[in-house]
Amino acid sequence: MSGEEFVPLSLTPLLIGTFAAIACALPGNFLVLRKQALIGDAISHVVLPGIVVAFILTGAISTWPMMLGAAGAAIVAVVMIEAIRRLGQIEPGAAMGVVFTTMFAGGVLLLEQTDTSTVHLDVEHALYGNLESLIWLDAVGWSSLVDLTALAGLPPELPRIAMTLVGVILFIWLFWRPLKISTFDEGFARTIGIRTGALGMALVITAAIAAVAAFDAVGSIIVIAMFICPPAAARMMANRLEAQIAWSVVFAIMSSVSGYVLAGYGPLWLGGSDAVSAAGMIATMSGLILACAAFRGPCRHRTGAPSAA
Amino acid sequence: MLWDALTLQLGYNATLVAIGATLLGVSAGVTGTFLFLRKRALVSDAISHATLPGVCLAFMVLVAFGGDGRNLIGLLSGSAISAWIGLLCMNWLTGRTRLAEDAAIGAVLSVFFGFGIVLLTIIQTMGVGRQAGLEGFLLGSTAGMLWADALIIAIGGAATLALVMIIRRPMTMVAFDPEYAAARGLPVHRIDLAMMGLVMAVTVVGLKIVGLILIVALLIIPAVTARFWTDRSDRVVLLAGLAGGLAGYLGAALSASAPNLPTGPIIVLVSFGFFALSLLFAPVRGVLAAVLQHLKFQRRVHIRQGLLALAQDQTIYEPLTLRLLKRARLARADGVATEAGKARAAKALRDEKRWEVVRADQTHEATAALYDGLRDIETVLTRDQIAEIDRQIGGPQGVRS
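For the record, the sequence lines run as chains A and B.
Going by our numbering, the letters in the first sequence line up with residues 221 to 529, in that order.
Going by our numbering, the letters in the second sequence line up with residues 21 to 421, in that order.
Derived from the structure by calculation, the hints contain no laboratory data.
Check before you lean on any hint, since a few could be wrong.
[What the hints assert, rightly or not] Quick look at which bits of chain B chain A covers, simulated, 3 or more residues with Cβ under 8 Å:
1) 59-73
2) 231-237
3) 284-290
Beta carbons are placed, not taken as given, at the ideal position from N, Cα and C, and that holds for glycine.
Next comes chain A alone, as it looks inside the complex (with noise of 0.2 Å):
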């Protein structure tokens, strides 16, 4: 395929698929590890809500109101999980059940009861996105990379979303050690000074603006897939913190890149004429290598004590 055709169509979808994958993967290798893989699963439903709030509030189809709105609702649900946590002595799977269910089920409310017939919102978008209508019209080659107008027009979603990835790279690289150790032995973590409370949150933040900036390009469907998926596959493959975060990096790229092509061209293959979702194909694909990695991995088995399954 060319250039002329390749840059302005796909390149963008896949650099974004890609930058989103591995934006939400890296916080989930700590939040697999942690046992709190779901938080990814809670995020992705309670955005719904804060998005059809901010659309009520502002009256437009804006993007900062609505990032901001999922991550308010992200926060709404952080600490309502956390209050009938406590208050309830619940526990945290059921509180979590309790929340993200009811707050879905107002986000769908609110968004029935709204007139959005003028504009593109429905819970279908909110679930798979439309990773395949970002594409960069101002370029005509590769010629654009380095062309300042043309630049101009890359779609808003590719910057934010690098930005994120940044962001959390960030996050990842300063708090490196107390990160890792609290993750590992947070009793340890706790002697030696670390917050644990406080970093544990901190992540769970990192982890809801990763999932609202994905959530944004991509739906909520890749960014719990790529929460989980990727880092339990190289949970297979790697004991060190280090390796597993590594592979769980490749196997977020994995999944984008040949989701985002099977999904554009794998029907043409096949001789049909339309594209499937890619958010739906890239999922499929991140489940394809964790299969993988579970019946091949080298450190696939449990070693030392049998934990309670």
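Go by the hints and put chain B onto chain A.
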């Protein structure tokens, strides 16, 4: 309008939906209780999302064989098969690899759902034109519910309920103490699978009414709600069934009473309303009860400490203590004890001394363990024992003032 809805006067479809939602609520509440007690509430999330590819594949197969793609039995059996596969994948991941259950849940949920969405987009491009009903399975759609659909839901719900009743005892035992259950010779793994199978059945039955994303709420919220009211598992099951059924009925009625009120979300929100009420007002475990309990405890501590201070002729500076003593007419506003206060203070001090003797005496070890600074000594010792202790302390002395 709402009254009409509640009394099933809003026409055929609304009545069907209300009856179906009530039955679904009861069976989801009852089944979800065991899941909640087993501390695996979010497994239902994975199971429900895993139904999507099955629905789509069943639709494609039905269309390929020239049938009506919206045949509910066909779609539901497809969803059951893929949910079961998802469940087995999850069990395999937690059992055979090092992944914890939450990661396995998330992986199955996202991958199956993602694959389902791929299939959905394929169906949309198949150009069959009758796929409109399929999106309804995401959030439920009760608008075009038919008598046959309602019948399927009713039969499915009733069958699930009957199965739960049959295997409720082993499920309860496994939920509370799996090791003990295994030691008693129960097939824990198979009972777990049966429990998940029941959850799957409820999910499949509920697809039409509340959709696959929100069915999780019906499985979790009633059980959590019921748990606030009782500590007995059989009553939790009953109450959860009741809460779920009521939420289903009220939610369906509410959504029929006005336009733009989708049934599934309304049922979930009603259910959450019950949960919030229970969280706040349930006796013993509710927030209000806990606050009252705390205030009562605080009052007892303050009065006790105040009386001891009065007895020892110390000035009370704590305003709350003074206020409480004054309200109980044990002290005057300037902090001087009244007659009743003097008597109570002398008794409090004497009791403190008695406790001191008790705690120093090895033979009273069991009694001494009950000491918490508030307990009246008469409630743990007989009159003879107290008299014996008093002999050791000596006679009563007047309160100095």
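Comparing the hints with the structure gives:
no.: 1; hint: 59-73; in the structure: holds (count 6)
no.: 2; hint: 231-237; in the structure: holds (count 4)
no.: 3; hint: 284-290; in the structure: holds (count 5)
In this structure, none of the earlier numbered hints is contradicted; all agree with it.
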